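A.B. asks: Which chain is which? The protein sequence lines are A and B, in order.
Counted from 1, the first sequence has number 231 at position 231 by this note's numbering; the numbering is strictly sequential.
Counted from 1, the second sequence has number 42 at position 42 by this note's numbering; the numbering is strictly sequential.
No wet-lab data here; the hints were simulated from the structure.
Heads up, some of the hints might be wrong.
Unchecked claim - Which residues of chain A face chain B? A partial, calculated answer using Cβ under 7 Å: (1) T10; (2) V20; (3) K63; (4) L73; (5) A78; (6) I82; (7) R83; (8) E233; (9) E236; (10) R237; (11) L250; (12) G260; (13) L261; (14) H298; (15) D309.
Said to hold, decoys possible - Here's a subset of chain A near chain B, in silico, CB distances under 7 Å, partners left out: (16) P76; (17) E108; (18) V111.
None of the values given here were measured: they were computed from a predicted structure.
The beta carbon of each residue, even a glycine, is placed where N, CA and C say it ideally should be.
Number of protein chains: 2
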Amino acid sequence: MAKTGARRATLATIAEAAGVSLPTVSKVLNGKDDVAADTRARIRNLFEEHNYVPVGTRRTSNKALVDLVFSALDSPWAVEIIRGVVESGLDVVVSSMTNAPRRLRWAESLVKERRAGALVVTSELTSADRRILQRAQIPLVVIDPVDLPDPDLPSVGATNWGGGLSATEHLIELGHRRIGVIGGPPGFLCSRARIDGYRTALERAEVAFDADLVRHGDFHHEGGYRRAFELLELPERPTAIFAGSDEQALGTVEAARVSGLSVPADLSVVGFDDLPVARWSSPPLTTVRQPLAEMGQHAGRMLAELIADNPLNSHRVELATQLTVRSSTAPPA
Amino acid sequence: MAKTGARRATLATIAEAAGVSLPTVSKVLNGKDDVAADTRARIRNLFEEHNYVPVGTRRTSNKALVDLVFSALDSPWAVEIIRGVVESGLDVVVSSMTNAPRRLRWAESLVKERRAGALVVTSELTSADRRILQRAQIPLVVIDPVDLPDPDLPSVGATNWGGGLSATEHLIELGHRRIGVIGGPPGFLCSRARIDGYRTALERAEVAFDADLVRHGDFHHEGGYRRAFELLELPERPTAIFAGSDEQALGTVEAARVSGLSVPADLSVVGFDDLPVARWSSPPLTTVRQPLAEMGQHAGRMLAELIADNPLNSHRVELATQLTVRSSTAPPA
Chain A
1 MAKTGARRAT LATIAEAAGV SLPTVSKVLN GKDDVAADTR ARIRNLFEEH
51 NYVPVGTRRT SNKALVDLVF SALDSPWAVE IIRGVVESGL DVVVSSMTNA
101 PRRLRWAESL VKERRAGALV VTSELTSADR RILQRAQIPL VVIDPVDLPD
151 PDLPSVGATN WGGGLSATEH LIELGHRRIG VIGGPPGFLC SRARIDGYRT
201 ALERAEVAFD ADLVRHGDFH HEGGYRRAFE LLELPERPTA IFAGSDEQAL
251 GTVEAARVSG LSVPADLSVV GFDDLPVARW SSPPLTTVRQ PLAEMGQHAG
301 RMLAELIADN PLNSHRVELA TQLTVRSSTA PPA
Chain B
1 MAKTGARRAT LATIAEAAGV SLPTVSKVLN GKDDVAADTR ARIRNLFEEH
51 NYVPVGTRRT SNKALVDLVF SALDSPWAVE IIRGVVESGL DVVVSSMTNA
101 PRRLRWAESL VKERRAGALV VTSELTSADR RILQRAQIPL VVIDPVDLPD
151 PDLPSVGATN WGGGLSATEH LIELGHRRIG VIGGPPGFLC SRARIDGYRT
201 ALERAEVAFD ADLVRHGDFH HEGGYRRAFE LLELPERPTA IFAGSDEQAL
251 GTVEAARVSG LSVPADLSVV GFDDLPVARW SSPPLTTVRQ PLAEMGQHAG
301 RMLAELIADN PLNSHRVELA TQLTVRSSTA PPA
């Protein structure tokens, strides 16, 4: 027995005790036969004496492990989802599609590591990746799919259309009539749903729709900044902008500042997501809360059901968004 | 053989095909003997026919798994470190100390799951937790320790003192002489190191130190906001504040806005961390970059060495911080 609290025996400890080199110890450990029999025996005895545990055998557990796969780990958005999934009680290996080892497809590396399931946060789920997981019988749940998913594919999203509607209705209620909107990439259905909510709010209030006031960014800061500049340079500039994401809203606030406009006195701005940064913005952002942590938690629970071979109540769940009013919106001047 | 692309067989599929209840199938799967022999045989055949893979056996892999443990998953800070660790090539289970299952200590749950190693990002590493990991021979690396670590304990930090020095020297070079500083909790040595760097910069420039200009927050937005207000209410208010963290810097910018002061015209603000939000702030923050992703990557590599029983070059590594000048600092009015 090793002494409790004793330093862990390493290969170097064994080599020193045996009076041989590290490679020799390593050869014995790996069952190579080019080491003299008596040396081999002496080293094997030392392994036992020091209670050496080879690294490869240190891991076995029965708890199901799942992968949580992001397109890229580059946004504060990710930590909200990770927290939610961790709270669902699953053991979660976090990875990024750009980091699959040795150029394996990420789905192949999941199969190789024999994961019990996969949670995927991406706009880039290919049918090839789906097929790989399906063949390996690894259940899959998609979080916030940007394209309308195959009805067979379990997914958790948010009410994007309703969020776009409530953001725009808030601005109309404040008295705005000339309202710009900045969506994400036009191919993303979540972006189209937010913009459709905007259109419906205008129609219900009998405010004319002006295609010039609709722009498409990339959901990131830079896109918001550029598109807001375009909107602020229009001959008749908007008095309010629904920016489609918090990052784009922060870009819009900065475009206003650089243009000499004050938020909200000269321009009202509404975001989408309600990341922690929305509270930290100056002024704090009015935004549509997307319950990212709850979405992660819900997706984790769905995956646990699939792993346990239980049927799902519903394959497609949309959690409610909610308008959070802070200080970046006010009546027009 | 199951058909390629066929839906995965569930216990329900088997029960339906056998014409028995789900609990009966479950009993056979779990080797219980209170099922009639012929029923048992029929169900076993169906398991084979449908190529049913019991959940418990779906996972075995030889790749070392490590845990990355945060005190709490509540900051955009976390995603930077996660990205770095993932880039180090380790398979990383992300968890939070507040989420250890069934009230186990987090260290106990690591032992239970037989992890190959642990990366810990926390100010709350107790000697009890360390002892638990040590007994189980699970190597440990600490990221950004807030207390000076035991020299035996491998850790990766950043040059906090140097960061405080360069932030303050930048403000002095701009012409500021009345410079406030907001640290984190006084017990955190990383905070004391930043403030000591501030003091040394003042001394080198022969600017008198004024204890009234030193405040302690919590490294979060709220703390920065409150302490900045106190500083701005001083009879002779500072013309610049080194805010100790990006979150506190954003709180300081908001305190200035609410006080009717413009950044940087009336007040210069410097952060610490250089999170993505520093770029998104309006105005974009001048801040001290702490290489969080690189710290995570370096810690991951150190842990991989420890798992492979290789000696470390150094147990304590500090990566360099660097001043990043943006638009929240300017000469005093």
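A.B. asks: Does each hint hold? Answer for all of them.
C.D. replies: Here is how each hint holds up against the structure:
Against a cut-off of 7 Å between C-beta atoms, the interface hint on T10(A) holds, since the closest Cβ of chain B lies about 4 Å away. Taken as an interface hint, V20(A) does not check out: its beta carbon lies about 15 Å from the nearest beta carbon of chain B, beyond 7 Å. Nearest Cβ of chain B to the Cβ of K63(A): about 6 Å, under the 7 Å cut. The hint holds. Among the interface hints, the one on L73(A) holds; its C-beta lies about 4 Å from the nearest C-beta in chain B, closer than the 7 Å criterion.
At about 5 Å, the closest approach between the beta carbon of A78(A) and any beta carbon in chain B falls short of 7 Å, and the interface hint on this residue holds. Evaluation of the I82(A) hint against chain B yields a held restraint, the C-beta minimum of about 6 Å falling below 7 Å. For R83(A), the interface hint holds, since its Cβ comes within 7 Å of a Cβ in chain B; the closest pair sits about 4 Å apart. Given hint, E233(A) at the interface with chain B, is violated; its Cβ is 18 Å from that chain's nearest Cβ, farther than 7 Å.
Look at E236(A): its Cβ only gets to about 24 Å from chain B, farther than 7 Å, so that hint breaks. Proximity of R237(A) to chain B is violated relative to the hint, the smallest CB-CB distance being about 18 Å (cut-off 7 Å). The criterion of a C-beta within 7 Å of any C-beta in chain B is met by L250(A), whose closest approach is roughly 4 Å, and the hint holds. Look at G260(A): its Cβ only gets to about 12 Å from chain B, farther than 7 Å, so that hint breaks.
The interface hint given for L261(A) is broken, as the beta carbon of that residue sits about 11 Å from the closest beta carbon of chain B, more than 7 Å. Against a cut-off of 7 Å between C-beta atoms, the interface hint on H298(A) is violated, since the closest Cβ of chain B lies about 16 Å away. Because the smallest distance between the Cβ of D309(A) and any Cβ of chain B comes to about 4 Å, under 7 Å, the interface hint for this residue holds. A cut of 7 Å between beta carbons decides the hint on P76(A): the least distance to chain B is about 3 Å, and the hint holds.
A cut of 7 Å between beta carbons decides the hint on E108(A): the least distance to chain B is about 13 Å, and the hint is violated. The criterion of a C-beta within 7 Å of any C-beta in chain B is not met by V111(A), whose closest approach is roughly 10 Å, and the hint is violated.
In summary, the numbered hints that this structure violates are 2, 8, 9, 10, 12, 13, 14, 17, 18.
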